Amino acid sequence: MKGLIYRELYLSKKSYIAGFVTFLMIFLIGLLFRLSTEYGNLASLEGDAFRSVDIITYYESLYVPPAVMFFAMMAEHGIIIADFKSKWNIFSYTLPISEKKTAFVKYLILVCSMLAGLIFSILNALIICGISERPFTFGIVKNILIIMTCILINQSINIPLLMKLRSKAKSDIVFTIAFAMLLFAFSKFIKEIFTKIFSEFSDIENMSEAEVWELIGKFVQKIVDFRDKVFLFVPIAIIAVISAGYYASVRILKGREK
16 MKGLIYRELY LSKKSYIAGF VTFLMIFLIG LLFRLSTEYG NLASLEGDAF
66 RSVDIITYYE SLYVPPAVMF FAMMAEHGII IADFKSKWNI FSYTLPISEK
116 KTAFVKYLIL VCSMLAGLIF SILNALIICG ISERPFTFGI VKNILIIMTC
166 ILINQSINIP LLMKLRSKAK SDIVFTIAFA MLLFAFSKFI KEIFTKIFSE
216 FSDIENMSEA EVWELIGKFV QKIVDFRDKV FLFVPIAIIA VISAGYYASV
266 RILKGREK
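The sequence shown begins at 16 in the numbering used here and counts up by one.
None of these hints come from the bench; they were simulated from the model. There's no promise every hint is true.
As the list claims (entries may be wrong) - Listed next, the in silico BS3-like pairs over lysine-lysine satisfying Cα-Cα at most 27 Å (straight line): (1) Lys233 - Lys115; (2) Lys157 - Lys269; (3) Lys269 - Lys17; (4) Lys206 - Lys116; (5) Lys211 - Lys179; (6) Lys237 - Lys115; (7) Lys100 - Lys28; (8) Lys233 - Lys102; (9) Lys115 - Lys17; (10) Lys211 - Lys157; (11) Lys244 - Lys233; (12) Lys116 - Lys185; (13) Lys29 - Lys157; (14) Lys211 - Lys102; (15) Lys179 - Lys157; (16) Lys233 - Lys100; (17) Lys211 - Lys100; (18) Lys244 - Lys183; (19) Lys185 - Lys244; (20) Lys29 - Lys233; (21) Lys28 - Lys211; (22) Lys185 - Lys115; (23) Lys185 - Lys100.
No experiment lies behind these values; they were computed from the predicted model shown.
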């Protein structure tokens, strides 16, 4: 099994490096924007202009780098498709490695990559909060964990899907169709939410600045309350999606032609 782990990491080496460099670049860009907002040219802005820039650069710097890092670390890196093209899957039939070990290695690396991404994401948040002189709260950790879970769901499903379809293009089509069906299923709920939002902000032109920010504060609080409810399902979702993905991968590997 050590050999399989080494093989996966070696083949993914360039992808990991490229992903980390991308994360580092986005982190540095966000860092420069925050420094400018706190001490540089952007700090000279006044009123609504400063508030808007401050909010946008703060949340972008907090959550865009983690999303990039999780995608970079947890991606499948094209190894499954490359194995089919190189006929590795046929050669692997002769190896004394069970389907359970093969699938276990895939998900072990996925989980380790997820934890590595989580560490870098929290470090990013600590640095941004420190520069911005804002508290590093558990709410920030919740947001990062929700982002991580969404990407984990995507990647956990992607592994058995690629094993089954043997084509990234087909896998992307299935994901697109599934996402479209999900949106359609919840279209009524989504429409009601946006209708309610627009109705609350419909009279914004006649409001004073204080009333506008009070309304925004109430809206943000609703989002936070919804986030807290969703967060309760994060541990369950992580365990469920990893277990389901692993089980599906083992079944697909056992069903291959020998």
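Does Lys179 sit within 27 Å of Lys211, going by the straight-line distance between their CA atoms?
Roughly 42 Å between the alpha carbons, so the hint for Lys211 and Lys179 is violated.
Is Lys269 within 27 Å of Lys17, Cα to Cα?
With a Cα-Cα distance of about 21 Å, the restraint between Lys269 and Lys17 holds, given a limit of 27 Å.
Restraint status (C-alpha distance of Lys100 to Lys28 at most 27 Å):
It holds: about 19 Å lies between the C-alpha atoms, which stays within 27 Å.
CA of Lys233 to CA of Lys102, is that 27 Å or under?
Roughly 57 Å between the alpha carbons, so the hint for Lys233 and Lys102 is violated.
What's the verdict on Lys211 and Lys100, does the C-alpha distance respect the 27 Å limit or exceed it?
Violated, at roughly 51 Å.
Check the hint pairing Lys244 with Lys233 against an upper bound of 27 Å on the C-alpha distance.
Since the Cα atoms of Lys244 and Lys233 sit roughly 17 Å apart, the hinted pair holds (cutoff 27 Å).
Given the proposed pairing of Lys179 with Lys157, does the C-alpha separation stay at or below 27 Å?
violated, 34 Å
With the threshold set at 27 Å, check whether the alpha-carbon distance from Lys185 to Lys115 stays at or below it.
holds, 25 Å
Quickly compare the C-alpha distance for Lys233 and Lys100 to 27 Å and report which way the hint goes.
This hinted pair is violated, its Cα atoms lying about 54 Å apart.
Holds or violated: Lys237 to Lys115, with C-alpha atoms at most 27 Å apart:
Judged against 27 Å, a Cα distance of about 44 Å means the pair is violated.
Hint consistency between Lys185 and Lys244 [alpha-carbon to alpha-carbon, up to 27 Å]:
violated, 34 Å
Verify the proposed pairing of Lys211 with Lys157, using a straight-line Cα cut of 27 Å.
holds, 26 Å
Hint check: violations occur at hints 1, 2, 4, 5, 6, 8, 13, 14, 15, 16, 17, 18, 19, 20, 21; the rest are consistent with the structure.
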